[in-house]
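S.K.: Chain residues, written in single-letter form:
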Amino acid sequence: MTSIAALREVEVDYAAGRALGPVSLEIGAGETVALVGPSGCGKSTALRLLAGLEAPTRGEVRRAAGRGETAVVFQAPTLAPWLSARANVALPLELAGAPRADAYERAGAALAQVGLAGAEDKRPAQLSGGMAMRVSLARALVTQPKLLLLDEPFAALDEITRRTLADDVLKLWTQTRPAIVFVTHNVEEAVYMASRVVVMSRGPGRIAADLAVAGPIPRPPHFRTTAAFRETAEAVSTALAQGVAA
Amino acid sequence: MMRLLTRLAPWLLIGLMLASWELACRAWQIPVYFLPPPSKIATALIEDGPSLVAAAWYTLSKALIALVIASLVAQLLALAVTVSGILERTIQPIAVVLQVTPVIAIAPLVNIWAGVDHPERALIALASIVAFFPIYSGAVTGLRAVDADLVRLFDLYGAGRWQRLTRLRLPSAVPFLLEGHKVAAGLAIVGAVVAEFVSGSGKVQGLAWRILDAGNRLQTAKMFAALLVLGAMGVALYALLQQAERMGLKWWRGR
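So the protein sequences, as listed, match chains S and D. Throughout the first sequence, residue numbering follows the numbering used here, covering 1 to 246 in sequence. Throughout the second sequence, residue numbering follows the numbering used here, covering 1 to 255 in sequence.
Don't read these hints as lab results, they were simulated from the structure. Do not take every clue at face value.
20 Å max Cα-Cα, derived EDC-like pairs, lysine to aspartate or glutamate [to be verified]: (1) S:K171 to S:E189; (2) D:K250 to S:D121; (3) D:K203 to D:D213; (4) D:K250 to S:E120; (5) D:K250 to D:D149; (6) S:K171 to S:E188.
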């Protein structure tokens, strides 16, 4: 499997002290990886390193994805309130120099992909939390990234919405198969969405466990009730508890 | 019925107060120069009405010119300051000193510089000075009040300086600019009125001068009439700008 991004013996120091590391993590092309850990363990920092938004204090970050091939979805939808849904989604393309008509056309297609056909002209203030998150997802997908990074993307949503969105993300993944790395503190969500779960221990964050999740993606119905899912979730929980205790 | 009463209640109170004022003036025979009864003020208002409106327009027009000047200068300066960090440090102390100095204290100086023949210049200058700060600080705050994650997105997509300014910072600043202009318009009138008081010459035909002039002649009813027009002008301007701000925000966020 070709590697799309990697952290090698990476450490990050903030003014308050060590935030992360040393950590080594390899993300293969098309992999879906969940980063799980307690609050303040440096998961989001690791994500920003992978995005190239931050540089490590020590160690090396290697990224195969070029400009415009990495996309990030944040915990909040992070939409520009003065732009329509379509213009928000078209923004990455326009910033890269695409002509407006072309950008808008692709933005419309991306919105249709996330189930928002017909809402193109709505402003963020007119959308529900789940819909705004879908716009954010469409904006991330419109550039057809090789690496999709999600920072606790569904944390602010209700259970039903987050489950639907989880299935939608996995369905969308089958279309272009980007590598997905997402941060969460929800063990079930991690095991459900990822083919590989990386458990991090309390700050400074280190990797406490790296577990593979068996099963097809997208997940079949009732995947949450299978023995494989239960066992992996249990293993992740145990590793998490040990990481917190450590 | 209850609703009607709720709406009428403030007017009833005003009516009641005016009536007792009128009665008290008559019953105790209070001298007109000391406290004229509402009926005398109403007469003065009707007699002087057209000339008071003209005076109000004189003051208002100067305040509006000042608002335009202040708006342009403040926004350009705020833009320059956000682009260059050094410039901000250079300007900040002067800006603070100007802001904390009461406008009435600078007014005599500005009057001298404007010259006896052009008191309206002093009006515009002083109104501009007081209208400047709400717009300037609103613009500076607004240009900085950008969602940190949106900035990260712009980093991620490799946006240039110009793109960041026109597509991120300027649009983010809009609500702050609307608020700043609303406050500034009210202050511009205050500035113009203060300048009129200080210049205190017949060359200025504004509302404040009318108050001063009537005061000098002990025509208290006329003072009240001019004061009423001044208050009404302020309320009207505020209501107008409030509405403009609401519409602006609606346009900005589509709701």
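S.K.: Just to be careful, I want the Cα atoms of D:K250 and D:D149 compared with a cutoff of 20 Å; is the pair within it?
M.R.: violated, 24 Å
S.K.: Keeping to a limit of 20 Å between CA atoms, is the pair of S:K171 and S:E188 held or broken?
M.R.: holds, 18 Å
S.K.: Taking only the CA atoms, is the gap from S:K171 to S:E189 under or equal to 20 Å?
M.R.: Cα-Cα ~15 Å, so holds.
S.K.: Can the restraint linking D:K250 and S:E120 be considered satisfied, given a maximum Cα separation of 20 Å?
M.R.: holds, 18 Å
S.K.: Is D:K203 within 20 Å of D:D213, Cα to Cα?
M.R.: holds, 12 Å
S.K.: Within a Cα-Cα threshold of 20 Å, do D:K250 and S:D121 meet the stated pairing?
M.R.: Given pair D:K250, S:D121 holds - Cα atoms ~15 Å apart, limit 20 Å.
When each numbered hint is compared with the structure, a violation occurs for hint 5 only.
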